[in-house]
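Residues per chain are reported as follows:
There are 2 protein chains.
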Amino acid sequence: MRAVDIILSKRDGRALSRDEIRFFVDGVTAGTLPDYQASALLMAILLRGMTAGETAWLTDAMVHSGVRVDLRDIPGVKVDKHSTGGVGDKTSLILAPLAAACGVPVPMMSGRGLGHTGGTLDKLEAIPGFRVDLTLEEMKAALADIGCAMIGQTAQIAPADKKLYALRDVTGTVESIPLISASIMSKKIAEGIDALVLDVKTGSGAFMKTEADSRRLAESLVAIGNASGVRTEAIITAMDAPLGHAVGNALEVIECIEVLKGGGPADLIAVSVELTARMLVLGGKAPDLAAAAAQVQRAIASGAGLERFRRIVEVQGGDPRVVDDYRRLPHVADRHLVSAARGGYVTGVDASLVGRASVALGAGRDRVEDAVDPAVGIMVIAKPGEAVREGAPVLELHYRDRARLDAAIRLTSQAITIGDEPPAPARLIVGEVR
Amino acid sequence: MRAVDIILSKRDGRALSRDEIRFFVDGVTAGTLPDYQASALLMAILLRGMTAGETAWLTDAMVHSGVRVDLRDIPGVKVDKHSTGGVGDKTSLILAPLAAACGVPVPMMSGRGLGHTGGTLDKLEAIPGFRVDLTLEEMKAALADIGCAMIGQTAQIAPADKKLYALRDVTGTVESIPLISASIMSKKIAEGIDALVLDVKTGSGAFMKTEADSRRLAESLVAIGNASGVRTEAIITAMDAPLGHAVGNALEVIECIEVLKGGGPADLIAVSVELTARMLVLGGKAPDLAAAAAQVQRAIASGAGLERFRRIVEVQGGDPRVVDDYRRLPHVADRHLVSAARGGYVTGVDASLVGRASVALGAGRDRVEDAVDPAVGIMVIAKPGEAVREGAPVLELHYRDRARLDAAIRLTSQAITIGDEPPAPARLIVGEVR
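Protein chains in written order, with my numbering: chain E, 15 to 448; chain W, 15 to 448.
None of these hints come from the bench; they were simulated from the model. Each hint should be verified, as a subset may be incorrect.
Copies of one chain are not kept apart here, so a pair can be met inside one copy or by any two copies together.
What the hints assert, rightly or not - Distance condition first, Cα-Cα at most 20 Å in a straight line; then the derived SDA-like pairs of lysine to any residue:
1) K176 x V329
2) K397 x L128
3) K177 x P48
4) K275 x A318
5) K176 x K299
6) K176 x D380
7) K223 x D26
8) K176 x E272
9) K223 x A401
10) K275 x G206
11) K154 x A169
12) K176 x V18
13) K177 x V81
14) K154 x A180
Given these sequences and hints, build the entire structure.
Here it is, written out as structure tokens:
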């Protein structure tokens with residue numbers, strides 16, 4: 015088998031065989047396939063597409079590039095959640111303890127933020143002492159003890175994906191549904207979970223800008239999961255404006271704790287409860303979504319979710335006192351208020367611009383190797399639909415560095431749109447795929 | 015400017031700017047643009063295409079990656095010919111001395127054979143002592159002395175093309191009309207010629223299989239040449255069967271000498287005279303094609319072309335006695351005859367299979383670094399349209415190595431098709447683009 019023949023096949027629009035896909039992924043993993051051949055094939059895949067069968071084989075080959083974790087000695091239906099990424103998208107820190115408190119084991123493996131979207135690991139690491147690098151044994155111990163562990167992917171999980179993603183990033187081959195699907199699902203399948211709930215974001219602040227594209231991605235992801243023996247379903251949620259108020263690592267941790275205390279913003283609560291309820295149904299802990307949602311609300315009201323969060327922090331080496339004392343989280347002294355340029359109704363808060371402004375402040379990263387500042391970020395004061403007076407604060411920028419603040423101010427200057435009439439109420443959960 | 019943004023533009027079907035194309039070619043030439051980005055862009059170009067403007071800019075950037083030879087101190091309109099490659103396609107050795115004998119200076123830079131098609135340099139080097147690596151000064155001296163020089167491209171001619179071609183070869187990005195056009199024309203423009211006649215082959219043994227594709231390529235090449243100040247025209251000629259009888263380096267040299275002596279096969283004479291006549295018209299040595307063709311025929315009949323060939327061989331260090339004594343050319347003692355499986359009319363001699371069989375014998379190369387055997391090759395005894403009896407010889411294989419012969423026999427077994435009726439006469443020169 016020759017790499018160039020595989021490239022020619024895909025270039026000319028033919029479907030690749032399982033063996034050809036395996037040859038490609040194995041070559042990438044072993045480093046025997048040159049990057050220039052891999053990138054030519056990736057571009058051909060992006061422009062020519064892949065069938066559902068090819069995408070499933072690609073995912074499978076990527077799973078087999080590393081280990082598939084064996085969690086069979088942990089009793090129960092292990093369920094994870096994955097989001098395609100958004101701004102202020104912090105539901106993992108809420109739903110993992112809630113699902114665990116309701117009896118569903120959650121072995122969660124997450125990623126870091128890149129570009130304008132945040133990442134769960136960065137948020138968790140805002141908690142002093144919190145370790146996301148548990149060994150597999152420590153992870154299993156945490157699952158047995160408190161029903162939840164929240165860690166990063168180990169090097170053994172789908173190493174082909176790590177190499178391919180780095181290459182895609184610099185060769186313009188990121189935006190391909192088959193490649194995105196295989197990247198996401200190979201890592202999730204390798205975790206050893208039994209079921210998965212996906213939160214596919216849609217809108218200006220999401221990777222997929224249109225509902226149609228988001229649905230195509232959701233369908234691709236769900237098909238791969240189910241074909242691999244992982245029961246998978248997806249909801250499609252709006253990502254035009256940031257989710258909740260907080261954007262930035264420590265700020266988002268606080269907002270999550272607020273939700274677990276029974277407070278927090280309505281949109282964040284709605285998406286978190288919906289995702290947790292689906293995890294409960296898949297985990298066999300509730301007969302239907304309505305019953306599951308009620309169970310989740312009870313876990314919030316009783317404080318069981320909050321208590322489980324405290325335990326997770328403790329078991330993973332973090333300081334659980336942050337739950338009661340937010341000043342133990344990293345924070346900065348300086349705030350800058352962005353004001354409404356006119357009076358009226360907020361018709362939009364551009365998630366992409368707010369996300370990029372947050373990165374400019376230091377809360378995220380443009381390149382994988384960048385460090386993040388856990389303390390800085392943005393509080394969205396006025397959400398879409400709210401009435402504002404001219405000069406009223408709409409964004410609160412928490413900054414450490416003046417030059418970075420200036421960059422963030424420039425980015426936020428176009429982020430808020432204000433009109434004379436209140437906007438039509440936006441749907442938050444716009445669809446499901448199962 | 016970032017390479018990934020250029021890739022994204024082309025991937026999404028946008029035309030690149032002149033600066034973007036220059037950035038790409040300069041980066042390839044300097045080695046600052048990684049191969050994996052170059053190959054992703056090449057695949058995007060292949061699948062998305064390029065406008066005529068982009069192709070011209072690409073050609074120009076490739077010309078400027080090296081030197082453009084200055085031949086202004088050689089008087090007259092300097093004319094070259096380029097063929098897109100065929101089997102038994104040996105016209106250069108005929109037309110260069112003929113055009114020079116008719117007063118047109120021919121500074122010919124040629125390539126080597128690759129795959130099933132041969133190359134002029136390999137044929138010339140079959141002549142003992144013949145040097146194709148003249149320096150630029152030696153080339154100019156030869157032009158001044160005898161009006162012709164036949165050499166290989168120096169490293170200073172379009173170095174970007176050399177790098178890009180090596181990458182295209184292993185990344186499935188060869189078959190793109192804009193990339194082929196820029197590759198061919200950058201080298202020709204850099205030679206410093208004033209005019210160019212192209213022989214674009216079409217058919218099963220050619221790079222372009224259909225007349226429509228060949229015409230598109232011809233139009234692209236002619237447009238680039240004229241836009242760059244090189245008067246360019248093209249003829250499209252059939253390449254379903256080998257041209258002439260001889261396939262293989264020394265065998266083809268003999269056939270060319272035969273044509274210059276007034277003999278040789280009709281198809282080879284027709285294409286050679288047509289191309290030379292066009293060179294004469296472009297070179298200002300004849301008012302029209304008919305007059306030019308008559309002049310070329312006279313140069314054959316008078317022996318002026320043969321005499322010029324002898325001088326070229328002499329000036330370039332070769333043994334001119336080969337003209338009169340073919341046994342001074344490399345040759346092998348062993349022949350194998352392939353016979354007609356049935357009686358009837360030869361309806362086809364597959365140029366691609368004959369070419370591959372010739373490579374199998376050692377006359378050509380599969381990889382750039384392979385050596386060629388000048389002595390081996392194939393004589394096509396029965397050409398399309400000829401009547402044959404069952405068992406009559408149709409191909410004569412000149413071989414050195416028994417194992418190579420077996421491979422060649424396997425390839426030739428399907429090469430000859432014989433029918434009950436004579437085939438419709440095939441057109442040899444199927445079109446022109448000017």
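Against the structure, the hints:
1. K176 x V329: Answer is neither: 28 Å inside a copy and 60 Å across each miss the 20 Å cutoff.
2. K397 x L128: Neither: 24 Å inside a copy, 66 Å across copies.
3. K177 x P48: Both. Shortest intra-copy (12 Å) and inter-copy (16 Å) distances satisfy the 20 Å Cα cut-off.
4. K275 x A318: within (10 Å within a copy, 102 Å between copies)
5. K176 x K299: neither (35 Å within a copy, 65 Å between copies)
6. K176 x D380: So K176 and D380 pass the 20 Å test inside one copy only (17 Å; across, 35 Å).
7. K223 x D26: between (28 Å within a copy, 16 Å between copies)
8. K176 x E272: Answer is neither; intra-copy 35 Å and inter-copy 63 Å both fail.
9. K223 x A401: neither (27 Å within a copy, 68 Å between copies)
10. K275 x G206: neither (31 Å within a copy, 80 Å between copies)
11. K154 x A169: within (17 Å within a copy, 62 Å between copies)
12. K176 x V18: between (23 Å within a copy, 19 Å between copies)
13. K177 x V81: Within one copy only: 16 Å inside, 39 Å across.
14. K154 x A180: neither (30 Å within a copy, 51 Å between copies)
The structure fails to meet hints 1, 2, 5, 8, 9, 10 and 14 from the earlier list, while all remaining hints are met.
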